[in-house]
Structure formats: C-alpha cells, structure tokens
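> Let chain A serve as the given structure and place chain B on it in line with the hints.
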Amino acid sequence: GENVEQHPSTLSVQEGDSAVIKCTYSDSASNYFPWYKQELGKGPQLIIDIRSNVGEKKDQRIAVTLNKTAKHFSLHITETQPEDSAVYFCAASMGTGNQFYFGTGTSLTVIP
Amino acid sequence: DVKVTQSSRYLVKRTGEKVFLECVQDMDHENMFWYRQDPGLGLRLIYFSYDVKMKEKGDIPEGYSVSREKKERFSLILESASTNQTSMYLCASSLVGTAYGYTFGSGTRLTVV
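Taken in sequence, the protein lines are chains A and B.
Counting in this note's numbering, the first sequence runs from 1 upward without gaps.
Counting in this note's numbering, the second sequence runs from 113 upward without gaps.
Derived by calculation from the structure, the hints in this document are not laboratory data.
Please note that a few of the clues may not be correct.
To be verified - Dumping the calculated SDA-like pairs for lysine to any residue here, alpha-carbon to alpha-carbon at most 20 Å:
1) A:Lys42 - B:Arg121
2) A:Lys37 - B:Arg156
3) B:Lys169 - A:Glu2
4) B:Lys169 - A:Lys37
5) A:Lys42 - B:Met200
6) A:Lys37 - B:Gln118
One chain only, chain A, in its complex shape:
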C-alpha cells in the first residue's frame, strides 16, 4: 500500500516567520493530498487540499505545493501566529475507495 512520510516531527518558529512541512508518498497512483490541523483536544480538521492535476494551491496564509515527479508535497504557512500552533498531518489518497494514508504528524509551535 501507500506509504507517507512526514518531516519534521516537531517545528518551532517565531511569530511572523514561515513554517514548511514536507511529505513524501510512494505510490504514483495517489492523486489527492489533504492537510489536516489538529488542535489540542480536538479532532483533525481539513485546512487545505490539492489534487494531482494542480501544482500549487493557496488560501490566505496557507499554501500547498505538489511535485508529482518527485512524489512530494509541502505545506507552507506564512506570517505564523500563535493560533497556528497545532499538530499538522498530511495524507495521500488514490481517490477510489477514499482510503487515506496519513503521515506521522508535525507538532508546530509558534513562539510569540
């Protein structure tokens, strides 16, 4: 099956700096890549996603890039704020059947 690796496992940044989280996947058939944010005591929430026919997608301070050839995708958060502190998960799916394969998570801390 698919294998998703995520780095780094922990990340600390100063407020206002950018944060980048990277994921790689193994199966070239994967075509949908969502990112989830999990705040303390809550379930993961979808924050942005990208499909394989797109190279980049932006939503305000959050962007995701996809390199299909290299089989990696990244989450970029600009102008970080303390409320961005959370655990972030990447995932990959082949679409059919909707089963997602998750990375192991990145704990992001934004230092005020």
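The following block gives chain B in isolation, referenced to the frame of chain A:
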C-alpha cells in the same frame, strides 16, 4: 453545522471488558472510518465502511470489530480490551466519490487499565 459526534471524550475500562465506541454523523455521508492515533505513529486505519451493513478491514483490525446498522452510525467494538488498546480513537466520515476530505469527530481517549 455538520458534525461527526463521538459519544465519549474520555473512557476508562478494565482489561477484558467489551468496549463500544459510538460515532454518529449528520451529513448523510456514505463512508465512515475508525482510526487510532498514537504518538509517533500518526493515524492508523482500523476499519471502514462504504455502506450500511458493509465493513472492510483497515491496516490494524486485530482485536476490533465494527457495526454499521444505520447509515449515520458506525460503532467500534473492542471484544476484550487490552492495555495495548489504550489510545485516541478517531471516527471520520466522507462522501463517496473521487476524493473528498474527511470530517473527523473530536476523538475518544480510551484508557485500558
């Protein structure tokens, strides 16, 4: 506001007990999933279901079973709880189709003593 509701936030059970974790969604989603979340291991799929009375094993089904008698409800059953099943359990649902993001519940933190 659409929701996936897990019946318990925290649960403490004894070894050998039969444990039921309940999940209800109000979005008329066809797909429902149970994951467990452990530090350093991320989210691992236990079971999933694409339709009523239908179930499929995920990556770590051993020691678990599921029940989906109604479209909106998906139950996870620990037949005989063991300490290595202490974990955070997350239920999710999604629409059928090419690919749609999951909607997760808030999770149930289960401790088996």
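> For every hint, state whether the structure bears it out.
Evaluation of the provided hints:
Among the hinted pairs, Lys42 (chain A) with Arg121 (chain B) is consistent with the structure: their alpha-carbon atoms are about 10 Å apart, no more than 20 Å. Taken as a hint, the Lys37 (chain A) and Arg156 (chain B) pair is honoured in the structure, with Cα atoms around 16 Å apart against an allowance of 20 Å. The straight-line distance between the Cα atoms of Lys169 (chain B) and Glu2 (chain A) is roughly 16 Å, inside the 20 Å bound, and the hint therefore holds. For a cut-off of 20 Å, the pair hint linking Lys169 (chain B) to Lys37 (chain A) is broken: about 26 Å separates their Cα positions.
With a C-alpha separation of about 11 Å, the suggested pair Lys42 (chain A) and Met200 (chain B) falls inside the 20 Å cut-off, and the hint holds. Of the pairs offered as hints, the one joining Lys37 (chain A) and Gln118 (chain B) holds, with about 19 Å between alpha carbons and a cut-off of 20 Å not exceeded.
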